[in-house]
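I would like the entire structure built from these sequences, with the hints used as guidance.
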Amino acid sequence: NAGVTQTPKFQVLKTGQSMTLQCAQDMNHEYMSWYRQDPGMGLRLIHYSVGAGITDQGEVPNGYNVSRSTTEDFPLRLLSAAPSQTSVYFCASSYVRGPQETQYFGPGTRLLVL
Amino acid sequence: AQSVTQLGSHVSVSEGALVLLRCNYSSSVPPYLFWYVQYPNQGLQLLLKYTTGATLVKGINGFEAEFKKSETSFHLTKPSAHMSDAAEYFCAVRGGGNTPLVFGKGTRLSVIA
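So the sequence lines, in the order shown, correspond to chains A and B.
All residue numbers for the first sequence refer to my numbering, where the first residue is 83 and numbers rise by one.
All residue numbers for the second sequence refer to my numbering, where the first residue is 14 and numbers rise by one.
Take these hints with a grain of salt, some might be off.
Stated by the list, open to error - Computed, partial: chain A to chain B, Cβ under 7 Å:
no., residue
1, G124
2, L125
3, L127
4, Y130
5, V132
6, V178
7, T184
8, Q185
9, F187
10, G188
11, P189
12, G190
What the hints assert, rightly or not - Only pairs whose alpha carbons sit at most 16 Å apart, straight line, appear in this in silico EDC-like list of lysine to aspartate or glutamate:
no., chain 1, residue 1, chain 2, residue 2
13, B, K62, B, E79
14, B, K62, A, E183
15, B, K62, B, E77
16, B, K118, A, D120
These are computed hints drawn from the structure, not numbers from a lab.
Just so it is clear, CB atoms sit at the ideal spot from N, CA and C, and this is done for glycine as well.
In structure tokens:
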């Protein structure tokens with residue numbers, strides 16, 4: 083198993099540009115989520131999904147879109163990048179068998195918006 | 014709703030000394046509690062988790078944590094710090110159903126030789 087993979091590892095954008103952060107998992111996990119990590123803020127939830135075709139907003143969803151057309155993939159779209167979206171983005175996945183299930187994290191995507 | 018407070022954004026210990034990282038939680042339902050570790054420029058790795066049953070939970074790399082419901086705490090300890098323990102540590106909580114994992118702000122652990 084490759085686990086949770088994220089691409090790209092690093093990206094530089096100009097203000098106003100759009101892009102998609104890719105996330106894929108090969109563990110047949112129903113639950114997937116996106117977090118952003120900023121210094122001193124911990125990890126904050128952006129969006130999450132409990133299965134294909136189902137998504138919901140987290141704590142900081144503004145400026146981001148998601149879709150879940152397959153179990154394996156959960157891309158995060160930045161519609162019009164802003165400097166405030168400079169951050170490290172982590173994708174995670176787990177089984178939906180109960181809240182005790184461990185979430186597995188990808189290696190992260192470091193995004194710089196100029 | 015669930016929330017987590019980690020006391021101390023930075024903790025510094027000498028090599029061989031006790032490591033104590035504090036975590037208090039708030040939850041309206043019986044919580045499921047997690048500690049994750051993040052080494053520089055890497056993702057998050059699970060150290061240990063509390064679900065039900067025994068309140069003292071042992072994890073990887075010699076870490077353990079004790080769930081204390083009366084104190085709403087889940088502090089992380091290790092008897093003897095090693096240089097390789099230097100990292101950022103995150104406490105997290107999940108409630109019932111498919112509720113998301115909620116993280117604390119993290120504690121950076123430095124180990125001094």
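Hint check, failures only = none
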